[in-house]
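Protein chains in written order, with our numbering: chain Z, 22 to 428; chain L, 22 to 396.
The set of hints was computed from the structure by calculation and includes no laboratory data.
Simulated crosslink set (DSS-like; lysine-lysine; CA at most 27 Å straight-line):
| id | chain 1 | residue 1 | chain 2 | residue 2 |
| --- | --- | --- | --- | --- |
| 1 | L | K26 | Z | K227 |
| 2 | Z | K349 | Z | K152 |
| 3 | Z | K28 | Z | K152 |
| 4 | Z | K152 | Z | K213 |
| 5 | Z | K152 | Z | K220 |
| 6 | L | K26 | Z | K235 |
Listed below, chain by chain, are the residues.
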Amino acid sequence: MAITDIKAYAHLTDEDIDALAAELDAIRAEVEESRGERDARYIRRTIQLQRALAAGGRIALFASSSRLARIAGTAMLASAKIIENMELGHNVIHGQWDWMNDPEIHSTEWEWDTACPSAQWKHSHNFVHHKYTNVVGLDSDVGYGIMRVTRDEPWEPWMIGNPVYNLLLGTLFEWGVALHHIETEKIRNKEKTWAQAMKDLRVMGKKMGRQAGKDYLVYPALAGTNWKSTLKCNVVANLIRNYWAYMVIFCGHFPDGAEKFTVEEFENETRGEWYLRQMLGSANFNAGPVMAFMSGNLCYQIEHHLFPDLPSNRYAEMSVRVRELCEKYDLPYTTGPLARQYWQSFWTILKLALPDRFLRARPDNAPETNSERRFAETVPLAETNGDASGRRRGLRTAIRQRMTTAA
Amino acid sequence: MSAIKALARWSKAPARDVDTASGPWVNIVRGLAARATTPLLPDDYLSLLNPLWSARELRGEIVAVRRETEDTATVFIRPGWGFAGDYQPGQYVGIGLRVNGRWHWRSYSLTSVPEQDGEQISITVKATPEGFLSTHLVNGVEPGTVIRLAAPKGDFALPDPPPPALLFISAGSGITPIMGMLRSLRAREQHPDIVHVHSAPSADAVIFHDELRELEGKQDGYRLHLQLTDSAGHVDFAQFDTVVPDWRERSAWACGPAAMLDDVENLWKEHGLDSELHMERFTIAATDKGGEGGTVTFAISDKQVEIDGATTLLEAGEQVGIQMPFGCRMGICQTCVLPLDGGNVRDIRSGDEHGAGDRIQTCISTASGDCTINI
Numbered sequence: 022m023a024i025t026d027i028k029a030y031a032h033l034t035d036e037d038i039d040a041l042a043a044e045l046d047a048i049r050a051e052v053e054e055s056r057g058e059r060d061a062r063y064i065r066r067t068i069q070l071q072r073a074l075a076a077g078g079r080i081a082l083f084a085s086s087s088r089l090a091r092i093a094g095t096a097m098l099a100s101a102k103i104i105e106n107m108e109l110g111h112n113v114i115h116g117q118w119d120w121m122n123d124p125e126i127h128s129t130e131w132e133w134d135t136a137c138p139s140a141q142w143k144h145s146h147n148f149v150h151h152k153y154t155n156v157v158g159l160d161s162d163v164g165y166g167i168m169r170v171t172r173d174e175p176w177e178p179w180m181i182g183n184p185v186y187n188l189l190l191g192t193l194f195e196w197g198v199a200l201h202h203i204e205t206e207k208i209r210n211k212e213k214t215w216a217q218a219m220k221d222l223r224v225m226g227k228k229m230g231r232q233a234g235k236d237y238l239v240y241p242a243l244a245g246t247n248w249k250s251t252l253k254c255n256v257v258a259n260l261i262r263n264y265w266a267y268m269v270i271f272c273g274h275f276p277d278g279a280e281k282f283t284v285e286e287f288e289n290e291t292r293g294e295w296y297l298r299q300m301l302g303s304a305n306f307n308a309g310p311v312m313a314f315m316s317g318n319l320c321y322q323i324e325h326h327l328f329p330d331l332p333s334n335r336y337a338e339m340s341v342r343v344r345e346l347c348e349k350y351d352l353p354y355t356t357g358p359l360a361r362q363y364w365q366s367f368w369t370i371l372k373l374a375l376p377d378r379f380l381r382a383r384p385d386n387a388p389e390t391n392s393e394r395r396f397a398e399t400v401p402l403a404e405t406n407g408d409a410s411g412r413r414r415g416l417r418t419a420i421r422q423r424m425t426t427a428a
Numbered sequence: 022m023s024a025i026k027a028l029a030r031w032s033k034a035p036a037r038d039v040d041t042a043s044g045p046w047v048n049i050v051r052g053l054a055a056r057a058t059t060p061l062l063p064d065d066y067l068s069l070l071n072p073l074w075s076a077r078e079l080r081g082e083i084v085a086v087r088r089e090t091e092d093t094a095t096v097f098i099r100p101g102w103g104f105a106g107d108y109q110p111g112q113y114v115g116i117g118l119r120v121n122g123r124w125h126w127r128s129y130s131l132t133s134v135p136e137q138d139g140e141q142i143s144i145t146v147k148a149t150p151e152g153f154l155s156t157h158l159v160n161g162v163e164p165g166t167v168i169r170l171a172a173p174k175g176d177f178a179l180p181d182p183p184p185p186a187l188l189f190i191s192a193g194s195g196i197t198p199i200m201g202m203l204r205s206l207r208a209r210e211q212h213p214d215i216v217h218v219h220s221a222p223s224a225d226a227v228i229f230h231d232e233l234r235e236l237e238g239k240q241d242g243y244r245l246h247l248q249l250t251d252s253a254g255h256v257d258f259a260q261f262d263t264v265v266p267d268w269r270e271r272s273a274w275a276c277g278p279a280a281m282l283d284d285v286e287n288l289w290k291e292h293g294l295d296s297e298l299h300m301e302r303f304t305i306a307a308t309d310k311g312g313e314g315g316t317v318t319f320a321i322s323d324k325q326v327e328i329d330g331a332t333t334l335l336e337a338g339e340q341v342g343i344q345m346p347f348g349c350r351m352g353i354c355q356t357c358v359l360p361l362d363g364g365n366v367r368d369i370r371s372g373d374e375h376g377a378g379d380r381i382q383t384c385i386s387t388a389s390g391d392c393t394i395n396i
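Okay, chain L solo, but in the shape it has when bound (with noise of 0.2 Å):
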């Protein structure tokens, strides 16, 4: 028996790293392949004829891109191998598009619904202006381009069975992780007692507006306050009780502009009631982009350091004990490059910044505001 083990393992063994979401009998094939095609995976090869025949790397085609506003748009993803389509409602993917040379990351929270769809995923998507990847998927992607993914995560996520009570509170794009759960919740025929309070300039930018509108009228339990800020102004949450009366005996679920989650923040605090209130904060203030300096966080190693725009995160990391990895110390040798997994640091040399889902030189590299780097 133990023999057995011991050879399964043995085959695995050069498909260790790779995810896959059909069983483990898929890596003992692609690691036996594997001793005819190392160092590669047989996926290298196979990708050439069929570019999401690869689990080394997820990868997804786009296969309809379809526009919800003017300036929104839903993007339908075709998975390739390696994609468990078992993610939670309200959770985000990640998406790596190929513009000019270079791949760019961003996260999007999925608004379909798991398991299903016929195996597709969905995204859905506003074009902001500072968001260079946001206006390309929005305005310019094809049909059939081929995308990276980043497998779903996020703590923002329905549990299964959900609670009795809930309470949606989102405003503009903020609504795509709410959509995900209203769209899963009617899939699963649940149907707990929900007030949405959702935000948007006028009627004809919210997004799923039809939808919203079509639930409201024929889901039970489904009460929807549309609040349309360009005639209405922004909610009152200083009053509140006047919109949901009931909002403390709810389980609360809010995604939207920064303002409005502080505001929500600060009255579920109030009451006490923040084991209640669930978040999700689409991007990290960037206030300080563009600025020297900042406060480094080593996310395995949980520490932290504040540095200047002249300490080098290496040396940063080295500070606080960190066994960073390094080399030649003048970035020449990519021994040192590590994930940066949020905010923004700036290249010493040469002045260029890089965002989250970039690989750094940390031996070249300082902060550009706060950051976090993957060791």
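So here's chain Z without its partners, still in its complex pose (with noise of 0.2 Å):
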């Protein structure tokens, strides 16, 4: 039934929590202290070359009766999307580039290339998925309030539908996001009054109509005859951006191994015990400089977690780091390929669209989630801790025996 005592589950005492945090607070300032020039020009540059694309992806598509103008448009013009929305957009709303102080660059001024304002997104994203993320009942992107993705939820009739509204989401995955800033779940449970909702809806359809409207309506318009091929490069080139932002945000919290957490552990948390919690409630895929680039970094979703508000361009070097602590303190670093990781999370909403009678393991130690129940039957911590050889043996051993006794 989730994690409550995270400490139990990590295998930690209080010291070794303590540490870990000093550790991690450690790369935080080394990383705070040496942002410079580099820095400013790789976000710089990341910028001019989203541009050049958007502008040269829109150029093309007004030669689209050409076959190779409408490939070569639709490329660019879905590449320009998905820089914008995840190196650009996600990061700079996160305050990642605030410290160079450039009013062009800051997280009060940007204003991103998708349906969701801004300001909604800083609120249902930076504040409530950072600060409660993987709580179940706190953090509304498990589920996002319209899946099941771990049964620690409990099973309801219309979650029998869990794969055709991940499809959904995945391909309207622009207006899903904008949307989930209404909250529906809290309206449900009377924590937000109808009239506010109304009131995020006004903000949001202005945005969204824009969106659309420079889509479907002012460049097919410009693109004159061209108007109906402009038109359907213009929609795949949203569903390239959908489908992909989609995959890799799934990827960073729904895989095995991403653990979710019970709201009694957030209230009785340490700061050190945030971020474990953020360490084992997210998931890295494994990723090239190129697919670490159009993935906005967020293949380093780990250590986005850990420092959501440092620049995404350093999050590769973290993770060497954050990598080494994992293996100093034996705790697991969940990553894998995006193939793999992808169909984990998949899985999960499938076989979640049932009820618990068809699913096989119980919710103290199943794929999606786990609790310190998990090892209630085997040795005690104090126990495993300092064998012969001096290496700690903590939640990653123990996860691995469990794993061989069960085989």
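With the hints as a guide, bring both chains together as one complex.
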């Protein structure tokens, strides 16, 4: 039933967690101090590249009667949208570049190229998701209120549609992300009034109109006789962006090993445990430099959740350090190839469409969620630590042991 | 008619926040083009071709740097789109310069003549040991560098037409706004009766020395009293009658170090003449810098509260009943970010200091001396 005692689950003592927090703080301080011209140049060049791609894509699509222009234009436009949303928008709105003091590349000013207004995103993502990460009942990104992604949530008949909702969300991701801010669950629970929701909707509607107007009216109209192919290519470019963003984001929190937590855990949390929750609740995927860039460096989801406001171009180097810490404290560092990570997420969504009686694993020990009770019948913590070799035997070893016993 | 108005308003809507110096039609074009570039403005693309082609943020290009004295230089700037040249002499302009990836902001008095000088503006900067940006401007900035500008402002501005009898009191780099006034008067061919009391350590250190001497020789009604403090000591305001016997009948404009301005202010107050005195203080005495806590002023709400170094600015605002924007309250969501108008604040997590012009996260910042937040 999700993790309530994160210390016991992680096989760590209070002192361990304090020490871990101090080491993570040191990484943060080091990166903060070394931010400079190199990083500034990186984000400026990224912006230049993104705008050149956007302009190039639009221009190419004016000639979309030609097959080559169609393919090149769609590819450029889709890349521009992906880079804008992932590496620029998401990260700038997180304040990763606020240190530059540049009013044009700043969390308070950036409006991104997607249906969701930045101000609302800051609430639903930066605040709700990043503060309450994977706390079932507090983080509305656990299933986005439209899917069951952990068996910690009791099954209800509508959840039989899980795979369909999943497909729809991927297809309409940009619109789903925007509408997510309405927080239908909170309205159902009377934590939010309809009047508030209507106010949000008005702001959102305005931006949605502009976004749709640009892609589906203005550019087709400007393309003249090519309006039909331009319209189609714009739809395709948006779809590519939607599916890619959806995939990256699902691989961040829904693969096996991305743990879920109870409200009780959150309420009794120290700062070190907050770090620990971010580490255990997120998952990376393997990526080379190009894929990392196109994912907005969210292939380093663990690092992003530990340090959401540090510049994304530094996540790669931070990941080496974080991995070393996982090694040191014998903690799992969840990562794998993109296809496997996505498959695990997808399989969870598929399975959880069914009522619990069809599910084999208990919520204390399931692929998508675990709790400290998983280790209840194994050797107690004190005896697992400090074996002859002097290496720490913690959570990672315990998980491996259980797997071998199970097999 | 109202339909046309509505159409114009609709056209302009996306460019609503953009200041334009060249009339409303520009924003109609900008707004219409923005329907295709939304959520960006066409400026965001054009500025990639030429950095001055943007009115989203005022920009300028440094054209030349001319050394005035050993530690001062005049920086000539060609402003980009959207910069209004109709400032008033005596006003200052905000300058943003990128050094090692970060933008640093400071304000400097304009020494150029409004709407002249080939649309260029100039500022004159003194390199002070603690002034990181001023040192960079005087010693290191290359012509061609693109900088940020903030629209000229300030109440220390000479009216047009000017008062018939003027008294300028300046010291050191405090001459810069006065020079803006003197040059504007000359360009407008206005010749009020001026007494100018200027102090500097030595003749070599007098900024605009030759130009002042030339004015003294050529311009009717301009009298210069140059006080070289290394040899003659500071102006003794207790004996000011001996320097300027008719100072009480003059509209007084003073700019210089805080100590001098305090003397001037006391003298004018003593004689009940404070309404005749205009002063420009370059920096609020930074005595509190590095201290913990201070008085927080919320500029728009017009409220003040004193806090210790453990209270965040967010809490401070809420204490006095301001609807502060907030989110996570732990420094990760950026919902609470507000511009710092004056003073210094400290990031509680890292201990870093932020100065005026920075945007700060109020939920993890506390006052480091007195500060002003724009809400």
